[in-house]
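> Each protein sequence line maps, in turn, to chains G and H.
Counting from 1, position 211 in the first sequence corresponds to residue 211 in my numbering; the numbering is continuous, with no gaps.
Counting from 1, position 347 in the second sequence corresponds to residue 347 in my numbering; the numbering is continuous, with no gaps.
Hint data in this document are derived by calculation from the structure and do not stem from the laboratory.
Treat the hints with care, as some may be off.
Derived contacts from chain G toward chain H, CB cut-off under 10 Å, selection only [as the list claims (entries may be wrong)]:
(1) H17
(2) E61
(3) H295
(4) K296
(5) P496
(6) G521
(7) K537
Computed from the model, here is a short list of chain H residues facing chain G with C-beta under 10 Å [as the list claims (entries may be wrong)]:
(8) D10
(9) H17
(10) E162
(11) Y290
(12) L294
(13) T502
Below, computed lysine to aspartate or glutamate pairings styled on DMTMM-like, alpha-carbon distance capped at 25 Å [claimed, not checked]:
(14) H:K178 with G:D315
(15) G:K18 with H:D10
(16) G:K18 with H:E169
(17) G:K30 with H:D180
(18) G:K188 with H:E11
(19) G:K178 with H:D315
(20) H:K296 with G:E440
No experiment lies behind these values; they were computed from the predicted model shown.
For every residue, glycine included, the Cβ atom is placed at its ideal position computed from N, Cα and C.
Protein chains: 2
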Amino acid sequence: MSNKAIQLLDEAIAANHKRTFYAAYPEQPKAYAEDATQQGLSAFQNRLNQNFTELHTVEPEIWIGEEISPYLQTGLGIHYPSLPVATYILQAQQAWDAWAALPARNRAEVLVDSLERMKARFFDIAFATMHTTGQGFMMSFQASGPHAADRALEAISVGVEELERYPNEVTWVKPMGKFDLSIRKNFKPMPKGISLVIGCSTFPTWNTVPGLYASLITGNPVIVKPHPKSILPIAIVVAEIRNALKAAGQNPDLVQLAPDTLAAPVTKHLAEHPDVQMIDYTGGPGFGLYVEGLHKTCFTEKAGVNPVIVDSVQDVKAVQQNLAFSICLYSGQMCTAPQYIFVPASGVQSSDGVVSYDEFVAGLATAVKELVENPKAGPFTLGAIQNEQTIHRTKAAVTKYPHVALASIAVQHPEFPDARMYAPVVLTASAAEIEGNISELFGPCVLVVKTADTAESIAMAARAVAEHGAITCLAYTQDDATMVHIEQTMNRTFTPVSFNFTGAAFVNSHAAFSDFHVSGGNAAGNASFTNSDFINKRFVWVGNRFA
Amino acid sequence: MSNKAIQLLDEAIAANHKRTFYAAYPEQPKAYAEDATQQGLSAFQNRLNQNFTELHTVEPEIWIGEEISPYLQTGLGIHYPSLPVATYILQAQQAWDAWAALPARNRAEVLVDSLERMKARFFDIAFATMHTTGQGFMMSFQASGPHAADRALEAISVGVEELERYPNEVTWVKPMGKFDLSIRKNFKPMPKGISLVIGCSTFPTWNTVPGLYASLITGNPVIVKPHPKSILPIAIVVAEIRNALKAAGQNPDLVQLAPDTLAAPVTKHLAEHPDVQMIDYTGGPGFGLYVEGLHKTCFTEKAGVNPVIVDSVQDVKAVQQNLAFSICLYSGQMCTAPQYIFVPASGVQSSDGVVSYDEFVAGLATAVKELVENPKAGPFTLGAIQNEQTIHRTKAAVTKYPHVALASIAVQHPEFPDARMYAPVVLTASAAEIEGNISELFGPCVLVVKTADTAESIAMAARAVAEHGAITCLAYTQDDATMVHIEQTMNRTFTPVSFNFTGAAFVNSHAAFSDFHVSGGNAAGNASFTNSDFINKRFVWVGNRFA
């Protein structure tokens, strides 16, 4: 292995266990070349209205593509090669054997090389992400670039560790009294087979690479089926993995891109193919249940109802500002964004005395308004809305919960006058109003629920999560016993809790090598980035014995 | 922790990784007290026609029991306390919290103590096993005693290692340029909840303790539902775990025994209870599919069609004798016993020249006959037939495949004139005859299939296993390329292969700390003793963050 690959791998394996801060890829754009932003932008612009030829596939049946920039609200005009399902399957099978025969560290070297190639494309990928997802530039860069690459490296490193868990070969000698019984044994991690990774429209790279790299490191061929509206970012990543495979003398068809359109979806044809053994899925719960119902090995991230429990605070303004940022970031289109904020009718204890329920809601609305209306921060934090449906859903929520503490503020993006913007609305409801009505509030919408007291807040949050799942829970309390109670109650629903986040700590962020993303234990999804199950379910230990 | 527990745990963790020979509990009866056999027999005899009061449960609704000794063919008359399902669930919930709060090593200490208590009952358990399963004394002692305890220790040790995989608490410090962002984090392995372990009639202890101890070490309460015809061996184990819990100040209801009868089965009521989160199951594939269909976390060992591929041998007699023993051991009532023996029509190459197909079959029949008729070995190797149905199934196989190379030989047990004995039959069939007809051949029956050549043998074995699963595959070949071909082909069906076993190496035996029992990758079952999945699926990592 190259020195670079060995170093990254060893660091990553250690980091997985330590779970203190570690990042292999710097998250600040300024850590990269000075002209990288301009170069990335040019690369993106030069690609518009062209065929995406970097995949170097066999001659495709058709070239397809229907991506639309949420910032420009015009089509990108980029077309990708589409092959028949049978061709993807056949080519995956053909590429499989040689890859499966490679030792784990040799596979890791090729995959780390692909990440280094991806690193050279971070800015290219950033603009591709911006103009497919609507994320602001900074999130596009970080989430689709270094944070995604870190998550990929995390999967590779957990993979290597699991694959090296047992010796390749041992001699087992059993004392039998008068003689010894000696048997040579080997232990082989056998890959399960073709892996289908289904991407989502909002995080086309970040949510795709963990499953993609986890399947690759464990020896499986992968077919990536991106969301038809967010293909370009992951197409670049797939192209670079194929380049790395080719450079290593491997068959690039080990990783294939299978794009489709909304009108002619290919996902079910791939998912139901008998040779597809594993499915990674990120997206809505309806299709997620379909995927889980196929009873193949599957890894899902669906949706949840992330609660916030406000009991008592030190500095109420700091809390409201922190919440406002988490609500506004990418206009609530993150799976980790707060949705239901439970506040007691009696108000919130603070170091300046009790803040009444109404004051708390008003202060939160003000904090959101101030952030949204801040011309230097607002539009860049909000980004654009990926899908028109998200705005319709938010409007439906307003119809359902008509107590509006803050209506959506019209925001103009300084660089993109046609951007599809929709600033978050802050709604309120009584505990009785939401009982039995809880469902995911995805997008620019948050609901403040007035509860009898914190005990009711906790009980409602736990009930909602037990039924609908959650990826995050945010809680504010200055009371030790309440903190323990919240932690224990929410942890029983397998939901992690972030306590008293203010300043630069945001509930939306999950750091690779430290925070598990999704616990895998509730309805929000069955997979977790990257615990050992995420790796071990992709292969089977088989031990042979030789007398 | 006690020194003894620390030592066993550390040795076991190391052994799991090394996979060379290790046994914590000696398998030879002579390694124990001189009068242990007599004491165990007396304990068993004194228990007949009594209530089993060692569980010290609350006053039961009824006392039930319908076990019948396959050796005596009379009822044991032992009755066990039966409680309502709601009581088991409630008591499990009540015992859960304190146990879940214990650190992994403290749980391990209690569980290792329970194994030491079980060790003191090995002979008692051996006679209980003999007179419920029909196993010979030696297998009853080894499988239900030391081998079971080793498998339990294996589960405990993999459990401790997985539970200690991440630190309890860390401080995560992210450099943010002008300041550091510092967040305290904890990582908690949260147990999933009530675990139901469903036992089988033939290996009531060995097949039950891995799931039982795996659920316990990961912090879950367990309800053991034994097979109604094989309760006593595991009842003694459960009683000793309850004693160990009580001695440690824990609530003994953390482990409960839920016996039932064939007429009034309780398994589905327990399995379908919404508070039961996990199910371990060993038994027939029909009920196994029902268990898997509940879509709870489940661990199954069902059935398979274990193939034998005979290509070429050194000493044909040694091979036939080895096969004969594996066929006769416990009259084929082992999940690891050979079922389908594929032999080429052109015969078997040996160091003494080619052995024709007919000669091979005749020699195998002779080897079985000689073993069965050996008064010092035959009856003790065969044991008795646990269930009359097993004999009916064997007779049905003879009707289906009427070419009988060896009919069942009448055997009288020297100690138990009423023992239900049925010596193995050796049947033959052409490849065409079995095509499309393959199903599990459980019990005293083996089918020799005449194939065109070894390539067809391998292909047929692989197809059978891909469809029906297998736990073992035995192969004889002197050709390196053929060996590689068999290994690769069968490993792709996630079936381990044992090559060229003669002498004291038998395909039926899977050693704890070295051989995975069931790969978990084919239809024979989804669980494997004891890989990390067997542990990790029983709890969920949840990480909390504190600003």
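> A separate judgement is required for each hint: does it hold in the structure or not?
Structure-based check of each hint:
Here the hint on G:H17 is kept, as its CB sits about 7 Å from the closest CB of chain H, short of 10 Å. Given hint, G:E61 at the interface with chain H, is violated; its Cβ is 31 Å from that chain's nearest Cβ, farther than 10 Å. At a threshold of 10 Å, the smallest CB-CB gap from G:H295 to chain H is about 8 Å, leaving the interface hint in force. With a cut of 10 Å, the hint placing G:K296 at the interface with chain H is violated, because the nearest CB-to-CB distance is about 12 Å.
The closest approach between the C-beta of G:P496 and any C-beta of chain H is roughly 5 Å, which is under the 10 Å cut-off, so the hint is satisfied. The closest approach between the C-beta of G:G521 and any C-beta of chain H is roughly 3 Å, which is under the 10 Å cut-off, so the hint is satisfied. The beta carbon of G:K537 comes within 7 Å of a beta carbon in chain H, closer than 10 Å, and the hint placing it at the interface holds. Interface hint status for H:D10: violated, as the beta-carbon distance to the closest one in chain G is roughly 18 Å, over 10 Å.
Because the closest C-beta pair between H:H17 and chain G is about 7 Å apart, less than 10 Å, the hint holds. Checking H:E162 against chain G by beta carbon gives a least distance of about 8 Å; that is within 10 Å, so the hint holds. About 14 Å separates the beta-carbon of H:Y290 from the nearest beta-carbon of chain G, more than 10 Å, and the hint is not met. Annotation: H:L294 was flagged as interfacial toward chain G, and the flag is violated, the nearest CB pair being 12 Å apart, outside 10 Å.
At about 6 Å, the closest approach between the beta carbon of H:T502 and any beta carbon in chain G falls short of 10 Å, and the interface hint on this residue holds. For the suggested pair H:K178 and G:D315, the alpha carbons sit about 22 Å apart, so the restraint of at most 25 Å is met. Between G:K18 and H:D10, the direct Cα distance comes to roughly 22 Å. Compliance with the 25 Å bound is thereby established for this hinted pair. Straight-line distance between C-alpha atoms of G:K18 and H:E169 comes to about 10 Å, which keeps the hinted pair within the 25 Å bound.
For the given pair, G:K30 sits about 18 Å from H:D180 by alpha-carbon distance, which is consistent with the 25 Å threshold. Pair hint G:K188 plus H:E11 holds up; C-alpha atoms about 23 Å apart against a cutoff of 25 Å. Proximity of G:K178 to H:D315 is assessed by CA-CA distance (about 22 Å); at most 25 Å being required, the pair is judged to hold. For the hint linking H:K296 to G:E440, the alpha-carbon distance of about 24 Å falls within 25 Å, and the restraint holds.
Checked against the numbered hints listed earlier, the structure breaks hints 2, 4, 8, 11 and 12; every other hint is satisfied.
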